[in-house]
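J.: Sequence:
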Amino acid sequence: MSEPGGTLRVSLGSTKLDSDFVADSEDLISGDYIRLTISDTGHGIPPEIMDKIFDPYFTTKEQDEGAGMGLAVTFGIVRMHGGSILVESQVGKGSVFDVYLPQVRIAAIESDIEPLEPMPTGNEAILVVDDEDLVVEIAQQMLDRLGYRVETQTDPIAALEAIKANPDRFDLIILDMTMPRMTGDKLAKEILSIRFDIPIILCTGYSSLIDEDKAKDIGIAAFVMKPISMQELANTIRNVLDTR
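In the working numbering, the protein residues as written are 6 to 249.
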């Protein structure tokens with residue numbers, strides 16, 4: 006819905022899924038769920054690509070408009086919480102995405118569950134570079150809550166220019182791997198050539214071009230897989246900053 010006009014609707018409610026409804030699903034079982042429904046009056050999704058929309062790196066955007074990881078990461082997060090996403094679409098009419106997440110009954114939680122460990126905080130300056138606007142917005146909110154001074158960039162070239170202009174401006178840099186114009190590993194090499202001691206965390210959903218060993222060879226301080234929880238991010242940042 007990048008063109009002007011159209012309607013986007015969002016609704017949330019409880020529903021009960023029976024055995025007939027979940028019979029063809031690999032992820033859902035019968036029971037009580039929360040259903041988040043997002044519908045639009047956009048162009049719709051052609052049937053020939055419907056099975057590919059959750060694949061990592063699949064996108065119908067132009068080369069410089071995104072990496073095709075948004076739906077893949079979202080689907081991964083939903084499945085990780087025991088849910089699933091069902092899609093209906095008609096070309097020329099729009100699409101409906103139903104996100105199902107199992108309801109949690111507070112009374113059923115065991116009383117001997119260990120409390121969550123406190124999240125480490127800090128006040129260092131961090132630069133987050135990711136071409137997805139939503140990702141950098143969420144990252145900024147998470148890091149703000151942890152006390153850090155955060156700046157974000159959605160353009161890796163602009164991020165590199167900012168670092169060249171003031172190499173000591175940041176205490177830590179968090180990079181996405183797959184970005185248009187320059188991948189995260191290449192950007193890391195450029196940054197380290199300017200300031201060799203700057204700690205870098207590289208995040209990726211999936212890539213055949215990079216792994217933990219290759220990242221370490223470049224000089225990257227930490228390599229993490231998306232989706233990443235706030236607890237994991239907080240721990241990784243603090244570990245990297247405290248061991249530099």
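Derived by calculation from the structure, the hints in this document are not laboratory data.
It is possible that some hints are incorrect.
[Said to hold, decoys possible] With a cut-off of at most 20 Å between alpha-carbon atoms, the simulated PhoX-like pairs for lysine-lysine come out as follows:
1) 57 x 21
2) 221 x 191
3) 169 x 191
4) 194 x 219
5) 194 x 221
[To be verified] Ranges between beta-carbon positions, derived for each pair:
6) 12 x 82: 19 to 27 Å
7) 16 x 109: 45 to 53 Å
8) 197 x 91: 43 to 51 Å
9) 218 x 240: 34 to 42 Å
10) 93 x 166: 40 to 48 Å
Every residue gets a Cβ at the ideal spot worked out from N, C-alpha and C, and that includes glycine.
J.: Does each hint fit the structure? Answer for all of them.
T.: Hints versus structure:
Of the supplied pair hints, the one linking residue 57 and residue 21 is violated, its CA atoms being roughly 28 Å apart against a limit of 20 Å. Taking the CA atoms of residue 221 and residue 191, the gap is about 13 Å. The hint holds against a cut of 20 Å. The suggested pairing of residue 169 with residue 191 holds, with an alpha-carbon distance near 15 Å, which does not exceed 20 Å. Of the pairs offered as hints, the one joining residue 194 and residue 219 holds, with about 12 Å between alpha carbons and a cut-off of 20 Å not exceeded.
At roughly 11 Å between alpha-carbon atoms, residue 194 and residue 221 fall within 20 Å of each other, so this suggested pair holds. Taking 19 to 27 Å as the suggested C-beta distance range, the pair residue 12 and residue 82 conforms, at roughly 26 Å. As the Cβ distance of residue 16 to residue 109 is approximately 20 Å, the hint placing it in 45 to 53 Å is violated. For residue 197 and residue 91, the hinted distance range of 43 to 51 Å is satisfied, since their beta carbons lie about 44 Å from each other.
Range check, residue 218 to residue 240: about 21 Å between beta-carbon atoms, so the 34 to 42 Å window is missed. Taken as a hint, the range 40 to 48 Å holds for the pair residue 93 and residue 166, whose Cβ atoms sit roughly 44 Å apart.
In this structure, the hints that do not hold are numbers 1, 7 and 9, in rising order.
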